[in-house]
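Chemist: For chain S, the structure is supplied; the task is to place chain W on it using the hints.
There are 2 protein chains.
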Amino acid sequence: MTNDRKPYIAPHPLDLRAVHVEDKYWSTYMNLIRDTVIPYQWEAINDRVPDAEPSHAMRNFRIAAGLEEGEFAGFFFQDTDLYKWLEAVGFSLAVSPDPDLERVADEAIELIASAQQEDGYLNTYFQVAEPDKRWTNLTDCHEMYTAGHLIEAAVAYYQGTGKSKLLDVARRLTDHIDALFGPEPGQIRGYDGHQEIELALIKLYEVTGEEKYLNLASFLMEERGQEPNFLHQEWVKRGRISHWALGVVQKKPTDPSYFQAHKPVREQEAATGHAVRAVYMYTAMADQAIHKGDISMLAACKRLWSNMVNKQMYITGSIGSTHHGEAFTFDYDLPNDTNYSETCASIGLIFFARRMLQAEVKGEYGDVMERALYNTVTAGIADDGKHYFYVNPMEVWPAASEGNPGKHHVKAVRQKWYGCACCPPNVARLLSSLGHYIFTSSSDTLFTHLYIGSEAKLELSGRNLRLKLESGLPWKGAASLTIVSAEGTGSFTLALRVPAWSKQSSFTLNGTPVIPEIRDGYAYLNRDWRVGDILAIALDMEPQRIYASPSLRANAGRVSLQRGPLVYCFEEIDNGALLASLTLPADAELRSVQDNSSSEVILLEATGQRLVIPEQEDGQHTLYHTVAPKREAQRILAVPYTRWGNRNPGEMLVWIREGN
Amino acid sequence: MTNDRKPYIAPHPLDLRAVHVEDKYWSTYMNLIRDTVIPYQWEAINDRVPDAEPSHAMRNFRIAAGLEEGEFAGFFFQDTDLYKWLEAVGFSLAVSPDPDLERVADEAIELIASAQQEDGYLNTYFQVAEPDKRWTNLTDCHEMYTAGHLIEAAVAYYQGTGKSKLLDVARRLTDHIDALFGPEPGQIRGYDGHQEIELALIKLYEVTGEEKYLNLASFLMEERGQEPNFLHQEWVKRGRISHWALGVVQKKPTDPSYFQAHKPVREQEAATGHAVRAVYMYTAMADQAIHKGDISMLAACKRLWSNMVNKQMYITGSIGSTHHGEAFTFDYDLPNDTNYSETCASIGLIFFARRMLQAEVKGEYGDVMERALYNTVTAGIADDGKHYFYVNPMEVWPAASEGNPGKHHVKAVRQKWYGCACCPPNVARLLSSLGHYIFTSSSDTLFTHLYIGSEAKLELSGRNLRLKLESGLPWKGAASLTIVSAEGTGSFTLALRVPAWSKQSSFTLNGTPVIPEIRDGYAYLNRDWRVGDILAIALDMEPQRIYASPSLRANAGRVSLQRGPLVYCFEEIDNGALLASLTLPADAELRSVQDNSSSEVILLEATGQRLVIPEQEDGQHTLYHTVAPKREAQRILAVPYTRWGNRNPGEMLVWIREGN
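So the sequence lines, in the order shown, correspond to chains S and W.
The numbering of the first sequence is my numbering, which starts it at 342 and goes up by one.
The numbering of the second sequence is my numbering, which starts it at 342 and goes up by one.
Bound-form chain S, shown alone (with noise of 0.2 Å):
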């Protein structure tokens, strides 16, 4: 086994350990996540925050290993909160050494290993619970998905400590699955209900260089959607029962499009069913296609990413039109106070959009990468680290919340971590792995996606080189790149991002304006760069009104607020209850405001109008009348929608209307 990258011509990412993020805005997070989540979520795993839902995930595990009695508890995927945070924990120790961390990891990692069975399978819920159940639902009991979240896991702590132990582990589960599933006689021709997998395959495929790996996360993938549909045959043989609907007969399957198995996945048209499972497939196709250089798988990665952005994303980049099955609806269907927009969907986005500048770039991916992570991944988490929203919704009215069933989901305040914790585990190993994001690189490019601090160590045309990115965003649109040092001579390009939300863009060298070439929302600019050269971007931060599509109809007449990478939202606490009420005027100013309790934190301020009926006789408003409402002006104020709830709870709105 080697750690050399398997080779291929698409740029990569670097590797964490070549990235060090220091950056005014984003460290705050990385060290919420590494002094705070991952001690917090410690304590979660082993069912010791008070007042939380247990987690139960550490105790199943010593009751797989014989080390405790017991019953199996919580979901049949319980397993994953303790991969997750294992990931967490490798993408923190590959950036921030901690051997206190690392030694309460390794006993971690020595438990996993000593619930292993012979054979190589390991998965609590049917080792104590089901035994004699193993493989026969993967439409429902995520299997493969647990095991998908072992292998990033592996592959994470591996990479960040150089021990491979959980690798090893999870080396063994993969073989003894690769064993079960195939296209060969006596195989399962079969595939999780819930993709993760996939793309885990291809990590475990990276870091091992055995095709192997690669070939079972393309059979899986290739098996999908075929005829007869597999998830069906299961279903039939399993007499017709989800694992859902304890025991009930169902008179229909679940539609195969809630799992992404409708038609083949290269013949697949539009984003569909679960809103997670569906991100994480395509982020493992276009692995696929990076790996293979399979351009008609490409070509389908392309239709849904443009299906999925340009017809079913919110304006956070969020995605999930319905909290029925976290799932996608249909084109322009993006209500603003039913959505699902999981934060788990989100991150998930961020996985395919980097792949899919791997494989082409273009700005729109850089753009929604950037959306997502700014917007909906930041505003799941709360300035404590120990409060997530699940759920990011356009626009909240807490009493709906409580008592309206069709908004239950909608909640007005971060939770403490939930039974089914999927979301504050996948925020804390996207965020300690940040450095993942920023850069890619080939042989002779740099290419910069992401305006986040940080200092890249790599070698581009035979030289290598440390670099500096420093930015001032979110706040401030200005960012360079210092080259610090440099072996050797000769040309190579840095690419920067021009992100599509910067109307004026201007660019100098070394504090002279310069010319780069603009391709596909990059600015490209080569040549023989030398110590301390500077390649600075102005970005232009003018708050900006957002419109949707005319076709998007629940935003027809209102208008959204941006202001660089920031979408921004009203709350109850700053313009008063009924936001509804509230008029934005098309020619009213809007103005960058310094936020009172923050140095940092800008608000966008503007007289606005609020719709207001005169008293009645009776000093009360019937609930229907004919008095015409006036309007009445008042100052209002917008904060960035990635801090909402973080005050009382009250309402929040995105879409506000616009006046003319």
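Simulated from the structure, these hints should not be mistaken for lab results.
All the given hints hold, so there is nothing to weed out.
Identical chains share a label here; the pair holds if one copy fits it or two copies do between them.
Using 25 Å as the maximum straight-line C-alpha spacing, the simulated DSS-like pairs for lysine-lysine come out as follows:
1) K592 <-> K757
2) K578 <-> K592
3) K757 <-> K593
Note that this is a predicted model, so its numbers are computed, not measured.
Modeler: Chain W only, in chain S's frame:
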């Protein structure tokens, strides 16, 4: 047994046979019920409607009567399909004798009688499917609800035909229930999860004069919400399972507020839970207030009425903001595109309103009754009498009804007979008994509540009278009451409701202006009326803009249109798709125009605007962009809400954005 109305002082509706409806607008509906709906529904309950879900109702009775072998099929309250049909038949025969129809109905009644058990019990579900489970799950299984519909059918059929066979069946079952349930030792201190029998028992009391039926109704109502909670106790006793959850043990029972059993009925403040159950119960509460002179019960009715119509009612007189449990949610939560607004609930609201008009003559009761009848109830039925809406939305996007699971209940096209066929027969029984809602009378006053052309026979102040009501509504604002014949002399009072929507109303007596006494929304004129006297009212039919309270967030910045009693809406077929992009300027003139396809129907027309995004370079509208929309003038056309969905399926919108 006598057919004399039990004497009470409150004004009461006239006997159905004493009111002959002859009205250009409403006779069409009544003829449709008599000539099409009743025969069609007979086919439906005999499972002879092609492509419609079978009712199984008649077959279940044959099985219960031992005339056919088989299993019970359909819902456990399927018997009510037949009962509601028989009730409509009873009403219809009262005004339109039809020996053939009566013969068919008599045969059905024979079948019902032959299915009744020795002890009086009658419910084909429990007799055939679960004979040992009688009275063990009142929470879910509608046993008394089903009995209630039998009683209502029996009363209507007796009043319509003078035949008492079905009434005898109903009394035997009622006596059986009366022996089982009550406050005495050995009796069950319980009540049904679905109210209905309470109002039916009061009808039985009215027609038989038997106090015990009134007392049983009172017991069932007063027991409701007392502690310990019967529904909770029953649930524990049943093993904590629900009929609906197929044997799965529940962690907690359904919230008793769903059944309006969360507190004693006299103490309830707000409308909660399943909307039909709520209004059926309020109807019986008002009946009890009238029949017992029970002013604290009346106070509870007034509180519940006020909460419901001033905080939880749609502009069309519909109720039930969510399809989750077909239920109320909370004050001012009236979403336009996910509401339930069941046709049956508006029918129940009409029942309640008429009782409140008996308890106190106030315009608001008549106004709401008219609003619900002219808008929601008639919207529920298609022109062909064979297709029905259960759900009556304020806004429809057919693609979302198909593609968004949160809107599957919102249909863009009226459906054939449903498996749970509550609404169609409910519409039939209401429209065939319209004569019960037009007038009430006390000893010396005739109150006219609805302007529906008709001739009435009654006695006032000892004089036998025939009066003729003529009306141009809903299209023309002219109505008059003529004394056709009158025995003797002596003064009495004619009281006409002055609709709140008529901003300018004027009266003439025999063509000469007259100022009646105006009290609580009614115009009173007392005199020694002579044959040929004509009291006429002219109503204001100017189209109006209706605004909602700012607390009703969903309608902020929007306006709806009303003309006379009719609420209007916009349809795609007249205005193009993307109705959300339409604006009605605040100063646009609203013009009443004749519909081309009909000599009567009035449409509303205005010069509106459409928000249009200038084409972008690539000819596409991107999902989000910074191009401000332009407003293009467009003729917009609104149709009466009650007539929506009778042409090509498409978008529909009641509340349109108002521009300034």
